[in-house]
Amino acid sequence: MTTVESAAAIEEEQTTASPASRWERFDQWIEYGSEFLNPILVKETRQALKSRQFAVTFTLVLACGWAWSLLGVAVNSPAIYYSANGPIMLVGYIDILLFPLLVIIPFTAFRSLAGEREDGTYELLSVSTLPPEKIISGKLGSAVLQMIVYLSALAPCVAFTYLLRGIDIITICYVMIAATLASVILSMAGLLLATVTNSKSWQSVLSVAVIILFLIAFFAAIGLTLGAVVEDTGWRRYDDPRFWTITVCALTFYFSYLALLYFAASAAISFASENRSTKLRMVMLTQHFLFFIWFCWVFLESSYETGALLAMVTFLAIHWGLHGALMVGESQALSPRIRRSIPKAVVRRLFSNWFLPGPARGYLFATSGMISGAVSIVVLAAATQQLRPGAVADLEMLFAFVAVATAYVVIYLGVGRLLMIGLRRIGSGDIFLSAIIHLLLLLLGVFIPIIVQLSTYWLPNDDYSIVQISNPFWTLVAIAESSNTIGDPELVGSVLLLTLGGAVMFFLQIVISAADIVPSTQATPQRVSEEDQLLAPLDVLGADSPWDDA
Numbered sequence: 001m002t003t004v005e006s007a008a009a010i011e012e013e014q015t016t017a018s019p020a021s022r023w024e025r026f027d028q029w030i031e032y033g034s035e036f037l038n039p040i041l042v043k044e045t046r047q048a049l050k051s052r053q054f055a056v057t058f059t060l061v062l063a064c065g066w067a068w069s070l071l072g073v074a075v076n077s078p079a080i081y082y083s084a085n086g087p088i089m090l091v092g093y094i095d096i097l098l099f100p101l102l103v104i105i106p107f108t109a110f111r112s113l114a115g116e117r118e119d120g121t122y123e124l125l126s127v128s129t130l131p132p133e134k135i136i137s138g139k140l141g142s143a144v145l146q147m148i149v150y151l152s153a154l155a156p157c158v159a160f161t162y163l164l165r166g167i168d169i170i171t172i173c174y175v176m177i178a179a180t181l182a183s184v185i186l187s188m189a190g191l192l193l194a195t196v197t198n199s200k201s202w203q204s205v206l207s208v209a210v211i212i213l214f215l216i217a218f219f220a221a222i223g224l225t226l227g228a229v230v231e232d233t234g235w236r237r238y239d240d241p242r243f244w245t246i247t248v249c250a251l252t253f254y255f256s257y258l259a260l261l262y263f264a265a266s267a268a269i270s271f272a273s274e275n276r277s278t279k280l281r282m283v284m285l286t287q288h289f290l291f292f293i294w295f296c297w298v299f300l301e302s303s304y305e306t307g308a309l310l311a312m313v314t315f316l317a318i319h320w321g322l323h324g325a326l327m328v329g330e331s332q333a334l335s336p337r338i339r340r341s342i343p344k345a346v347v348r349r350l351f352s353n354w355f356l357p358g359p360a361r362g363y364l365f366a367t368s369g370m371i372s373g374a375v376s377i378v379v380l381a382a383a384t385q386q387l388r389p390g391a392v393a394d395l396e397m398l399f400a401f402v403a404v405a406t407a408y409v410v411i412y413l414g415v416g417r418l419l420m421i422g423l424r425r426i427g428s429g430d431i432f433l434s435a436i437i438h439l440l441l442l443l444l445g446v447f448i449p450i451i452v453q454l455s456t457y458w459l460p461n462d463d464y465s466i467v468q469i470s471n472p473f474w475t476l477v478a479i480a481e482s483s484n485t486i487g488d489p490e491l492v493g494s495v496l497l498l499t500l501g502g503a504v505m506f507f508l509q510i511v512i513s514a515a516d517i518v519p520s521t522q523a524t525p526q527r528v529s530e531e532d533q534l535l536a537p538l539d540v541l542g543a544d545s546p547w548d549d550a
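Using the UniProt record's numbering, read the sequence shown as starting at 1 and increasing by one per residue.
In short, the hints are calculated from the structure, not lab data.
Do not rely on the hints blindly, as some may be mistaken.
[Unchecked claim] Keeping only pairs whose Cα atoms sit at most 25 Å apart, straight-line, the calculated DMTMM-like set for lysine to aspartate or glutamate is: (1) 279 <-> 31; (2) 134 <-> 116; (3) 200 <-> 95; (4) 134 <-> 31.
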């Protein structure tokens with residue numbers, strides 16, 4: 001063989017082998033990139049895709065998709081060629097997808113974490129180098145990958161509905177994205193609920209409650225999909241900028257609550273010595289600003305309607321009331337690891353103190369958030385009234401509503417914290433007991449005055465009286481509906497007493513919690529410093545010039 005022939009043979013061999021070599025290199029890149037993936041994601045995805053449950057569910061989804069396609073075409077023929085059958089066909093495909101998205105995948109995520117805690121395999125994960133956030137994100141990522149598989153199975157069917165009349169691509173994408181986001185947050189909620197208890201008996205009860213919750217969400221989503229796609233099309237104002245602004249508003253709250261559930265689940269499976277509160281309180285504070293920003297936009301868009309400010313106060317009271325009821329139940333002790341992370345400078349300690357765990361700091365964090373929001377709303381209303389006289393219809397009613405809503409949050413959380421202090425002296429308490437106590441306090445404050453007023457003949461049954469001072473719902477509604485708040489002696493008395501009671505309770509809590517408001521820092525032991533230095537990566541010094549040895 002001559003040199004030319006051998007060169008031609010080598011070139012022909014390289015040409016024929018190049019596609020295979022490209023795929024080999026691609027496979028090598030994929031294998032190399034998989035080393036950077038979350039190991040929990042790889043493990044959970046491998047187990048889920050190989051399970052019998054996934055095989056059965058995936059087969060049923062495909063079979064139902066084919067059956068609905070044939071049935072829909074057969075029933076609507078020959079009108080399917082010219083009538084608007086796209087919406088009803090899309091609803092059928094979405095309803096088929098909703099069952100695995102809202103029931104199967106979230107419940108699988110719940111059982112994946114609950115099963116490890118039941119079987120004792122979670123201890124192996126907890127002693128590994130994986131942080132709790134990676135464990136939760138790996139299981140959530142596995143759920144997202146399963147969603148992608150189910151969505152890809154019916155993607156051709158959903159695309160088929162676009163070829164029919166009566167549906168547009170924006171509506172299809174909007175509804176599909178909404179279903180996917182609902183599946184993600186339900187999966188995250190399932191992971192959080194899996195951390196509630198380690199007992200097998202309670203896990204069985206919790207599993208039944210969780211599956212009922214997911215089924216309720218599934219049937220509610222079916223009705224919502226039918227109403228949004230087929231019956232009511234008035235919401236599809238895609239050319240209106242306010243529609244997309246509301247969509248962005250909903251997405252900001254969605255991702256904030258998704259982050260809250262994520263950090264709550266991570267904190268629930270972390271060690272007791274870890275700081276479980278800082279990230280959660282940062283998310284709560286972010287949600288506080290989101291409430292204020294978006295309700296200010298609603299206030300401007302509604303031409304300075306007082307109802308927008310009343311809604312802002314109500315949402316802030318619910319937000320800080322719920323979170324405060326849980327924070328009051330936190331453990332009072334700070335671990336040495338947390339104390340070592342406290343800044344030594346007093347000014348920095350005052351700012352970082354709000355985010356440290358503890359019932360006293362949790363109470364002050366919640367009430368300070370509510371008070372700051374109330375002051376901001378009052379300043380906003382007063383400034384609007386000064387710049388645009390007459391813009392705010394009833395300024396006195398608004399001030400009374402804000403003061404009373406803030407007082408209710410301060411008083412109920414304060415009474416709940418005092419009860420938790422007493423219970424901790426005779427036993428133990430946690431955030432779940434704190435939530436139950438605050439719920440019972442609210443129920444007693446609502447139903448006892450109602451029973452008293454209905455059973456007393458000299459008190460009017462329908463009109464507001466000062467007996468309802470502990471009932472936040474009736475009191476706030478009476479203030480909002482009153483045409484002359486100052487002229488009603490019952491309302492004026494309730495407003496004054498609640499405002500005074502809120503101020504007394506707030507300062508009483510400060511006096512009780514004076515020693516816990518600014519905790520003392522702790523020096524790092526020499527042994528811990530040496531271990532941190534050993535675990536820290538070594539700095540490799542490079543060459544200063546090309547002529548130096550590296």
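Right, here's what the structure says about each hint:
1. 279 <-> 31: It is violated: about 34 Å lies between the C-alpha atoms, which goes past 25 Å.
2. 134 <-> 116: holds (15 Å)
3. 200 <-> 95: violated (33 Å)
4. 134 <-> 31: Given that 25 Å is the threshold and the Cα spacing comes to 21 Å, the pair holds.
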